[in-house]
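Student: Here are the chains, one letter per residue:
There are 2 protein chains.
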Amino acid sequence: MNKSFSLLMLLCFVYSCNSNKVDFAIVVHGGAGTILKKNMSDEMELAYKLKLEEAINAGYNILEKNGSSKDAVEQTIKILENSELFNAGKGSVLSNKGVVEMDASIMNGKNLNAGAISGIKTIKNPISAARLVMEKSEHVFLSGEGAEEFARLQGLDIIDNEYFITETRLKSLLNAKKRDSIKDNKFGTVGCVAIDKFGNITSGTSTGGMTNKKWNRIGDVPIIGAGTYANNNTCGISSTGWGEYFIRNVVAYDISSQIEYKKISIDLAAKNTLRKVKDLGGNGGVIGIDKNGNILMDFNTEGMYRGYKKSDGESEISIYK
Amino acid sequence: MNKSFSLLMLLCFVYSCNSNKVDFAIVVHGGAGTILKKNMSDEMELAYKLKLEEAINAGYNILEKNGSSKDAVEQTIKILENSELFNAGKGSVLSNKGVVEMDASIMNGKNLNAGAISGIKTIKNPISAARLVMEKSEHVFLSGEGAEEFARLQGLDIIDNEYFITETRLKSLLNAKKRDSIKDNKFGTVGCVAIDKFGNITSGTSTGGMTNKKWNRIGDVPIIGAGTYANNNTCGISSTGWGEYFIRNVVAYDISSQIEYKKISIDLAAKNTLRKVKDLGGNGGVIGIDKNGNILMDFNTEGMYRGYKKSDGESEISIYK
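Heads up: the protein sequence lines correspond to chains Y and E, in order. Numbered according to our numbering, the first sequence spans residues 1 to 321. Numbered according to our numbering, the second sequence spans residues 1 to 321.
Covered stretches of chain E (in silico footprint by chain Y; criterion: 3 or more residues with CB under 8 Å from a CB of chain Y, positions within the stretch not fixed):
#1 143 to 149
#2 211 to 221
#3 241 to 253
Bear in mind the hints are in silico, worked out from the structure with no lab data behind them. Think of the CB as a built atom: it goes at the ideal place given N, C-alpha and C, for glycine as much as any other residue.
With the hints as constraints, model all of the structure from the sequences given.
Tutor: Below is the structure:
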């Protein structure tokens, strides 16, 4: 190695340390709602934080090893789906009929490809089914038994609906039926957005929907533009909140379109959009990453399980406001 | 009546004649695709035009008698659903399993209320089911058997799936199965946007989806933001085209958001959005009305069944480019 080359290397090293450039990043949510410190034991709080950390690190490690944001988002969400703590996969809330009906979606910001599934009952990891719809079908959105048939043909793990059901969610359903309303039920969702070293953004969201939901209700999670959106030129977004209000406000795309058309920051765009949701009577939160690696975590509820990790060393895991 | 009052009346009359003010308006589409003059008999062309005219007039008459745009859109779409000519209601295309599975949605621009249903097989008029979801449920989007149960409870007409099936669509399915692809199948949809005397915009869309569709595929039609969007502050939009590309581009809301954030006309906004659809490899068309009563009818296919009528006397019914 000659002297001038060594000097160049040193300069590059110093520059990369100073510029704080974000090569890759990942952000995660585990649902927003009436999450209050006073109602949470120290053990539960720790359990949530450890699981969020585990999920974030799984995705981060993929990104660090030059992996794609698609792989990072899928693996991160699978960990949250496999945990009973969150309303997605195992631990999903129960419908009015006492079964788990799950929705999920994923979008690739590089080519605007997207996949979504709704009302599935026997696919262990709904986010993987959504990804297969994106990559292995001519469609974007499959539902119910058709979606399950497709996932089976693609070789995904099929599992009995009983697997998803937990005692906690059974109790919630009984309480909700006593109240006979969906209004007071805390909503939950899991979601992840990642940007990889190649500048590709992927967003994914997965949920069991609302406790006591009826009539094969579909929320915002599988709706591209509402629950999930990704575009390398703007940002990636994953929503969690009162789905009906998020659909009516086209939340995820409304944030992206403000970045594109108003040239404002992801933070300001999200503030504007969440205000629209609130003005209509809804609430919830959003996470996102813009094309420069800036992280968004915003919500108008008491809390949102959330966290992020960036290649520049910054990270955070939080629950309350 | 005194002299000055008469003069005022006269001035108002002259002003209203000159300003060409649009008090109310309605626009309709019956699907876009490979619709070529050379493949159309004079009889069929006349049949399409007469049915479009009948549907437009039904809605127009409601608006003229101070009716709401919600009523106008529902009644207009019902006429198109009840006709075998269009891919919605009776005359819907057949899924891979040889049944009719219909999607529809409606949105009220006054309060951003919305209703949508997908995968229904036994509701005579899907647009009416979507409206009931909007007005009589806490949800926005219901699907499959749950949506049918809801519609039944609301007293809607239930009808055997056989009712919807026509010989023409059976032949199309057989042809599509021979080709084993969804790519070459002309898509069809019906849609309507209206603005009433009170400035309220409603948009609605209804379809049987794509011939030979599998796995309970959901297209753009029931997706608020993609197939349908309405906002009194911007515009109302109904889409028709290759649904997957319309979902990925969040077509209906992309037009509205450009009006809101870029302050451009509905025509220019639609042009930008349809170009995005084309750049990804998709095609189709959109209709709409902005808050000032300006009519949009644009498409990048060979034809689109379409027409409009405005309170200032302007009207048009067309099929080809």
